[in-house]
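Residue numbers (my numbering), protein chains in the order written: chain A, 1 to 314; chain B, 1 to 314; chain C, 1 to 283; chain D, 1 to 283.
These are calculated hints, taken from the structure and not from any lab test.
Do not rely on the hints blindly, as some may be mistaken.
Footprint (simulated), chain C over chain A, 3 or more residues, beta carbon under 8 Å [as the list claims (entries may be wrong)]:
| no. | region |
| --- | --- |
| 1 | 27 to 37 |
| 2 | 50 to 59 |
| 3 | 72 to 81 |
| 4 | 213 to 227 |
Just so it is clear, CB atoms sit at the ideal spot from N, CA and C, and this is done for glycine as well.
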Amino acid sequence: MTNIQHVQVDLSTALGKLQLPAPVLTASGCAGYGRELDSYFDITSIGAIVTKSIMMEPRSGRATPRMAETPSGMINSIGLQGSGIESFIEHDLAWLRKRGARTIVSIAGNNVLEFGRLARRLRGVEGVAGLEINISCPNVANRGLVFACNPGSAAEVVAEVRKHAQPGLPLLAKLSPDVTDIVEIAHSVIDAGADGLAMINTLLGMVIDPVTLRPQLGGRTGGLSGPAIRPVAVRAVYQVHAALPQVPILGMGGIRSGRDALEFLAAGASAVSVGTAIFNDPSAPLRIQNELRDELASRGFSRLRDVIGIAHQA
Amino acid sequence: MTNIQHVQVDLSTALGKLQLPAPVLTASGCAGYGRELDSYFDITSIGAIVTKSIMMEPRSGRATPRMAETPSGMINSIGLQGSGIESFIEHDLAWLRKRGARTIVSIAGNNVLEFGRLARRLRGVEGVAGLEINISCPNVANRGLVFACNPGSAAEVVAEVRKHAQPGLPLLAKLSPDVTDIVEIAHSVIDAGADGLAMINTLLGMVIDPVTLRPQLGGRTGGLSGPAIRPVAVRAVYQVHAALPQVPILGMGGIRSGRDALEFLAAGASAVSVGTAIFNDPSAPLRIQNELRDELASRGFSRLRDVIGIAHQA
Amino acid sequence: MTQFRARLAGNRAVGEYRHLVFVTSADIGMVKPGHFAAVAVGGPDSAMLLRRAFSIHRVSSKANVGTTIELIVSAKGAGTRWLTSQHEGVLVDMVAPLGKPFQLPKERVPCVLVAGGYGAAPMITLAEELRSRGCRVDVVLGASTESKLYGVLDLKRISDSIVITTDDGSLGVRGRVSDVLPEVMQRADSAVVYACGPMGMLQAVSLVAASTGAIAQCAVEESMACGVGVCMTCVLPVIGDDGRTRMVRACTEGPVFRGDRVRWDAIGSVPADAVGAPPAGGH
Amino acid sequence: MTQFRARLAGNRAVGEYRHLVFVTSADIGMVKPGHFAAVAVGGPDSAMLLRRAFSIHRVSSKANVGTTIELIVSAKGAGTRWLTSQHEGVLVDMVAPLGKPFQLPKERVPCVLVAGGYGAAPMITLAEELRSRGCRVDVVLGASTESKLYGVLDLKRISDSIVITTDDGSLGVRGRVSDVLPEVMQRADSAVVYACGPMGMLQAVSLVAASTGAIAQCAVEESMACGVGVCMTCVLPVIGDDGRTRMVRACTEGPVFRGDRVRWDAIGSVPADAVGAPPAGGH
Ligand SMILES: Cc1cc2nc3c(=O)[nH]c(=O)nc-3n(C[C@H](O)[C@H](O)[C@H](O)COP(=O)(O)OP(=O)(O)OC[C@H]3O[C@@H](n4cnc5c(N)ncnc54)[C@H](O)[C@@H]3O)c2cc1C
Ligand SMILES: Cc1cc2nc3c(=O)[nH]c(=O)nc-3n(C[C@H](O)[C@H](O)[C@H](O)COP(=O)(O)OP(=O)(O)OC[C@H]3O[C@@H](n4cnc5c(N)ncnc54)[C@H](O)[C@@H]3O)c2cc1C
Ligand SMILES: Cc1cc2nc3c(=O)[nH]c(=O)nc-3n(C[C@H](O)[C@H](O)[C@H](O)COP(=O)(O)O)c2cc1C
Ligand SMILES: Cc1cc2nc3c(=O)[nH]c(=O)nc-3n(C[C@H](O)[C@H](O)[C@H](O)COP(=O)(O)O)c2cc1C
Ligand code: FES
Ligand code: FES
Numbered sequence: 001m002t003n004i005q006h007v008q009v010d011l012s013t014a015l016g017k018l019q020l021p022a023p024v025l026t027a028s029g030c031a032g033y034g035r036e037l038d039s040y041f042d043i044t045s046i047g048a049i050v051t052k053s054i055m056m057e058p059r060s061g062r063a064t065p066r067m068a069e070t071p072s073g074m075i076n077s078i079g080l081q082g083s084g085i086e087s088f089i090e091h092d093l094a095w096l097r098k099r100g101a102r103t104i105v106s107i108a109g110n111n112v113l114e115f116g117r118l119a120r121r122l123r124g125v126e127g128v129a130g131l132e133i134n135i136s137c138p139n140v141a142n143r144g145l146v147f148a149c150n151p152g153s154a155a156e157v158v159a160e161v162r163k164h165a166q167p168g169l170p171l172l173a174k175l176s177p178d179v180t181d182i183v184e185i186a187h188s189v190i191d192a193g194a195d196g197l198a199m200i201n202t203l204l205g206m207v208i209d210p211v212t213l214r215p216q217l218g219g220r221t222g223g224l225s226g227p228a229i230r231p232v233a234v235r236a237v238y239q240v241h242a243a244l245p246q247v248p249i250l251g252m253g254g255i256r257s258g259r260d261a262l263e264f265l266a267a268g269a270s271a272v273s274v275g276t277a278i279f280n281d282p283s284a285p286l287r288i289q290n291e292l293r294d295e296l297a298s299r300g301f302s303r304l305r306d307v308i309g310i311a312h313q314a
Numbered sequence: 001m002t003n004i005q006h007v008q009v010d011l012s013t014a015l016g017k018l019q020l021p022a023p024v025l026t027a028s029g030c031a032g033y034g035r036e037l038d039s040y041f042d043i044t045s046i047g048a049i050v051t052k053s054i055m056m057e058p059r060s061g062r063a064t065p066r067m068a069e070t071p072s073g074m075i076n077s078i079g080l081q082g083s084g085i086e087s088f089i090e091h092d093l094a095w096l097r098k099r100g101a102r103t104i105v106s107i108a109g110n111n112v113l114e115f116g117r118l119a120r121r122l123r124g125v126e127g128v129a130g131l132e133i134n135i136s137c138p139n140v141a142n143r144g145l146v147f148a149c150n151p152g153s154a155a156e157v158v159a160e161v162r163k164h165a166q167p168g169l170p171l172l173a174k175l176s177p178d179v180t181d182i183v184e185i186a187h188s189v190i191d192a193g194a195d196g197l198a199m200i201n202t203l204l205g206m207v208i209d210p211v212t213l214r215p216q217l218g219g220r221t222g223g224l225s226g227p228a229i230r231p232v233a234v235r236a237v238y239q240v241h242a243a244l245p246q247v248p249i250l251g252m253g254g255i256r257s258g259r260d261a262l263e264f265l266a267a268g269a270s271a272v273s274v275g276t277a278i279f280n281d282p283s284a285p286l287r288i289q290n291e292l293r294d295e296l297a298s299r300g301f302s303r304l305r306d307v308i309g310i311a312h313q314a
Numbered sequence: 001m002t003q004f005r006a007r008l009a010g011n012r013a014v015g016e017y018r019h020l021v022f023v024t025s026a027d028i029g030m031v032k033p034g035h036f037a038a039v040a041v042g043g044p045d046s047a048m049l050l051r052r053a054f055s056i057h058r059v060s061s062k063a064n065v066g067t068t069i070e071l072i073v074s075a076k077g078a079g080t081r082w083l084t085s086q087h088e089g090v091l092v093d094m095v096a097p098l099g100k101p102f103q104l105p106k107e108r109v110p111c112v113l114v115a116g117g118y119g120a121a122p123m124i125t126l127a128e129e130l131r132s133r134g135c136r137v138d139v140v141l142g143a144s145t146e147s148k149l150y151g152v153l154d155l156k157r158i159s160d161s162i163v164i165t166t167d168d169g170s171l172g173v174r175g176r177v178s179d180v181l182p183e184v185m186q187r188a189d190s191a192v193v194y195a196c197g198p199m200g201m202l203q204a205v206s207l208v209a210a211s212t213g214a215i216a217q218c219a220v221e222e223s224m225a226c227g228v229g230v231c232m233t234c235v236l237p238v239i240g241d242d243g244r245t246r247m248v249r250a251c252t253e254g255p256v257f258r259g260d261r262v263r264w265d266a267i268g269s270v271p272a273d274a275v276g277a278p279p280a281g282g283h
Numbered sequence: 001m002t003q004f005r006a007r008l009a010g011n012r013a014v015g016e017y018r019h020l021v022f023v024t025s026a027d028i029g030m031v032k033p034g035h036f037a038a039v040a041v042g043g044p045d046s047a048m049l050l051r052r053a054f055s056i057h058r059v060s061s062k063a064n065v066g067t068t069i070e071l072i073v074s075a076k077g078a079g080t081r082w083l084t085s086q087h088e089g090v091l092v093d094m095v096a097p098l099g100k101p102f103q104l105p106k107e108r109v110p111c112v113l114v115a116g117g118y119g120a121a122p123m124i125t126l127a128e129e130l131r132s133r134g135c136r137v138d139v140v141l142g143a144s145t146e147s148k149l150y151g152v153l154d155l156k157r158i159s160d161s162i163v164i165t166t167d168d169g170s171l172g173v174r175g176r177v178s179d180v181l182p183e184v185m186q187r188a189d190s191a192v193v194y195a196c197g198p199m200g201m202l203q204a205v206s207l208v209a210a211s212t213g214a215i216a217q218c219a220v221e222e223s224m225a226c227g228v229g230v231c232m233t234c235v236l237p238v239i240g241d242d243g244r245t246r247m248v249r250a251c252t253e254g255p256v257f258r259g260d261r262v263r264w265d266a267i268g269s270v271p272a273d274a275v276g277a278p279p280a281g282g283h
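Could you build all of it, start to finish, from the sequences and the hints given here?
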């Protein structure tokens with residue numbers, strides 16, 4: 001970060017109706033419910049906390065080992081561990097609200113109806129700025145359960161959530177990259193009522209343990225994340241923004257620096273989430289937000305909004 | 001590589017009818033036609049050279065820049081540059097034959113018929129140990145042209161090649177990971193007459209240039225390769241071997257060490273190709289083959305064949 | 001827990017381990033035996049993203065010098081190989097202190113410290129702490145072989161008794177710590193067992209403690225991605241105050257757990273009676 | 001071309017560059033001015049896979065010491081930052097010599113050497129070589145600013161004349177090498193121009209040479225993934241002996257090309273008349 005003119009940069013942005021004072025969010029499952037990270041940076045200073053995906057019931061998650069480090073990335077098979085929506089509202093959301101952090105609640109269901117029930121349960125609950133609909137977690141044992149891999153079932157979930165959610169509440173559908181045509185999925189969830197897209201979730205991967213010569217993770221396969229997948233994520237954001245330029249995108253996948261974040265904005269994201277990089281550096285979201293401001297300033301941009309989608313201009 | 005008992009390890013393997021004295025091959029497009037690498041290691045000592053994909057006509061490839069380094073990987077958009085099948089047979093294949101290297105010719109066509117013409121042209125040509133059918137190059141401008149993303153067109157290409165190729169010539173169909181269900185594609189190309197599978201090709205990716213804020217590659221998108229993608233490749237090999245245990249697989253994607261090669265064998269590959277690692281280390285194929293032998297020996301295996309698919313055993 | 005940069009100020013071999021000394025000007029707050037540090041490895045262009053966790057061996061503060069943090073590191077995989085091969089002067093990013101430390105007895109009860117290999121790293125300050133409270137301290141140290149023992153001299157100096165075991169008999173009794181522990185505990189009438197080492201050892205120690213009615217305080221070593229409580233990779237099945245088993249995080253609710261609360265047999269699985277356990281077939 | 005390990009034996013600043021000295025016991029064969037080396041960067045756990053290419057500045061062999069290879073490196077991105085921050089004693093993996101070197105005139109003709117920034121790295125040995133053949137050697141050195149000039153004193157010593165340009169006028173003439181080149185060439189009656197520097201400079205130099213009928217030998221700098229001829233990333237449009245344009249590899253058929261053979265305007269594209277050029281719309 002050399003010779004930055006200290007111009008003011010307006011970092012505010014929006015994901016559709018959801019106004020955000022700042023563009024960096026946490027990625028679901030990589031920041032818990034915000035509380036632990038508040039020791040490392042002021043969590044109200046970033047765009048929002050996206051919670052670990054919440055399910056109806058408490059859930060133990062998968063057996064360990066749940067992770068393996070991979071070149072410039074990691075794979076995980078957490079299996080959506082959590083204490084369920086009631087405990088979340090009572091303890092975690094209450095804390096976030098009191099703390100004054102903007103909160104996007106990620107929800108995940110075992111079936112379409114459960115997604116609807118989650119949305120209904122959160123109706124009228126204070127402190128929910130929006131929902132991220134996790135239709136794309138690859139850790140669910142039956143690959144048939146990956147809603148995001150099929151335009152029909154992806155749309156069904158989104159329609160069900162729309163039906164039950166607080167009217168007007170911003171809904172982001174979270175897409176999986178493990179599909180032949182991500183633009184098709186994007187179209188279907190937008191048509192079904194999503195206000196925007198969160199992309200990408202992890203890529204399905206596997207590591208074989210060099211000692212046992214068996215899959216290393218308790219869940220056998222896991223989700224690949226981190227800088228390793230960044231080019232796939234940037235490509236996905238670029239393709240979807242090209243096809244649906246009006247649809248707001250929360251971009252993520254391997255963001256580790258302000259420069260990485262800038263790639264996603266240029267490709268068409270309106271805001272970004274930081275995931276795996278938090279494990280490397282618990283203050284990464286705010287650091288990246290500051291670096292992004294400097295990157296913009298050094299290029300003479302005074303408003304973040306001016307850079308969104310700029311890679312599509314000739 | 002500590003305490004290796006110097007047991008003899010039988011490294012021979014087979015891809016269906018294609019017997020190979022050694023398990024490490026080069027990946028198409030990462031070893032030219034073998035000649036340059038012969039300065040760094042004896043190219044007859046590895047399993048085989050898989051050539052850069054050959055097309056009917058000379059082809060300039062894409063504009064530069066054609067590559068960008070990415071975390072633990074790279075993306076490329078070469079665009080299948082080459083001098084066409086006639087020049088290949090006359091110069092490159094002739095050299096390989098004279099040199100005594102086993103050669104698998106990778107072929108790529110702009111349409112189904114062209115694949116057939118290539119197979120026919122290679123009929124009876126000496127020095128062709130097998131064909132790798134590149135139905136999965138993501139660099140072709142029109143994403144509709146990626147045969148490997150559709151079970152129907154993938155099968156069509158393979159059937160056409162089978163029809164025209166030297167009877168009995170081993171045919172490997174090279175699969176793309178950029179699909180919702182790689183097992184479905186594997187089934188379709190095997191049903192269409194492929195003897196085995198080569199997997200995986202690169203993942204479609206993009207890098208935005210930090211200075212221009214435009215896609216960095218001349219071809220905008222490119223193929224992501226290298227250790228970054230290894231977990232995706234191992235997962236794909238594992239899934240396909242689970243579904244089609246009798247089908248031989250040539251595994252690849254991010255192999256950089258003997259230990260990486262072992263992961264692929266355990267997941268179900270019968271042999272492996274080394275691609276991007278060659279750019280890091282031009283003697284990588286032989287080094288990895290030697291490391292693999294040591295890894296097997298240190299685990300008490302005396303035959304490589306005994307480790308193929310072992311990750312699927314309980 | 002503070003995130004800070006620390007400068008490597010010392011790196012010397014101790015048996016098969018490296019004794020690393022870091023110095024920082026940051027105020028890292030109160031560090032207790034059993035706390036750990038999470039260290040970023042490999043530098044800015046490294047392919048290794050995840051932090052490595054190490055028990056804090058010792059911390060001291062000096063005016064003008066700053067805070068000194070000592071770790072005992074075994075070069076096992078790529079990250080620890082990198083860390084142990086760094087030269088003095090290198091800056092690393094560290095988060096510390098992390099986790100819940102060993103709980104100290106309120107009374108002057110006899111305590112026994114059991115450690116396997118580099119598990120002895122936190123035991124020397126723990127022994128000092130216990131002795132300063134007037135507790136009797138007995139020590140059982142084990143390792144596969146002599147060069148993998150750590151802290152023998154320091155612990156000899158500070159303890160009331162010490163027994164050493166090695167798998168190969170290269171020093172002390174041939175065998176495992178759990179072979180000699182019952183006798184040590186009987187002799188010393190130990191009320192608390194503090195243990196740090198591999199899971200198998202902790203399980204065996206917990207069993208011995210249970211059979212004598214002693215309390216076991218076990219520092220576990222679970223594979224950790226973040227070390228700070230946000231990733232949920234480091235869980236193990238632990239019985240709560242309500243008697244129910246939950247998958248709890250070793251990095252925030254541990255690494256020290258009461259031995260009778262950990263479902264040792266179930267580590268690496270999710271017990272069917274755990275809260276939110278999957279129906280047959282898994283999530 | 002040989003692949004070998006070399007030990008860093010010297011690393012000092014020269015203006016904004018680092019002068020790196022490597023030593024190897026390998027026999028790397030004959031090295032000529034214009035040859036380059038491809039160096040692996042970042043160590044075994046690095047996220048950087050691709051080699052970095054550098055002109056070989058100088059090579060010498062001494063019994064007992066081995067072969068010494070000198071590079072002049074500008075710390076630009078992550079890989080060169082890593083390389084230039086290494087300490088003496090570090091081992092790096094190198095492949096050298098690579099590429100086609102500068103072609104030397106068979107006769108004693110006056111030659112002019114034109115270099116931009118670290119493009120001067122291969123020019124000193126080239127000047128020596130030309131002088132030893134009895135050629136007149138004139139030099140034009142340019143850079144954006146004084147600290148980015150390399151080799152001024154060495155080239156002053158060895159050449160018949162030297163003109164320096166900087167964009168900011170901090171040393172020599174304010175301006176670009178191509179501003180002063182015509183005059184230098186006229187004065188010296190140069191028959192061959194040797195050039196190494198950014199593409200824009202090479203194009204300008206080639207134009208000047210063409211206008212005087214001199215031969216231009218230009219060392220290009222194309223982005224390279226492998227350096228050894230197997231990846232096809234480093235291509236540029238070059239006119240062959242048959243008059244047809246092909247996308248040729250800078251690493252094996254270059255990096256030195258005749259200036260009148262390179263389609264400078266078309267770099268970064270595939271000219272429509274190139275062999276195998278895509279039909280409108282692209283491949
Ligand atoms: C609370 C705690 C205290 C520890 N104290 C010490 C100590 O004092 N001295 C010491 O030498 N080691 C200690 N360890 C173990 C140390 O963390 C691992 O040996 C180290 O992380 C392995 O990293 P690597 O790069 O060598 O291996 P790799 O195999 O490259 O590690 C890959 C990934 O797995 C994780 N991992 C692998 N093994 C372990 C493990 N056993 N525990 C936790 N994470 C692991 C790493 O953090 C990394 O993310 C402790 C672990 C924990 C959890
Ligand atoms: C024949 C040749 C001779 C060269 N001689 C010298 C020299 O003497 N001194 C010197 O300082 N530099 C020289 N360069 C340029 C040098 O290779 C690049 O500056 C360097 O590769 C950039 O690496 P990085 O890690 O700093 O940048 P990064 O941006 O991290 O590099 C990323 C990738 O792009 C490639 N790349 C980026 N820029 C270039 C470039 N300009 N040329 C080739 N590859 C590039 C790198 O090799 C790497 O694979 C030469 C290049 C070539 C082709
Ligand atoms: C440990 C871990 C847990 C995750 N849990 C969730 C989750 O509960 N819900 C979800 O939608 N995505 C989850 N993700 C995916 C991330 O939100 C993100 O989409 C992905 O990791 C890519 O971003 P990154 O490379 O910055 O991590 C998880 C990722 C990791 C690494
Ligand atoms: C520069 C480059 C060129 C490639 N060209 C081809 C090709 O012509 N045909 C093909 O089937 N695959 C091609 N590939 C894909 C590789 O053969 C291989 O499938 C992929 O790179 C994954 O392996 P790796 O990670 O070991 O490189 C190319 C890959 C690279 C990096
Ligand atoms: S290591 Fe991340 S939650 Fe414990
Ligand atoms: S750099 Fe690979 S072919 Fe030239």
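Checked hints:
no. : hint       : result
1   : 27 to 37   : holds (count 6)
2   : 50 to 59   : holds (count 4)
3   : 72 to 81   : holds (count 8)
4   : 213 to 227 : holds (count 4)
Of the numbered hints stated above, none is contradicted by the structure.
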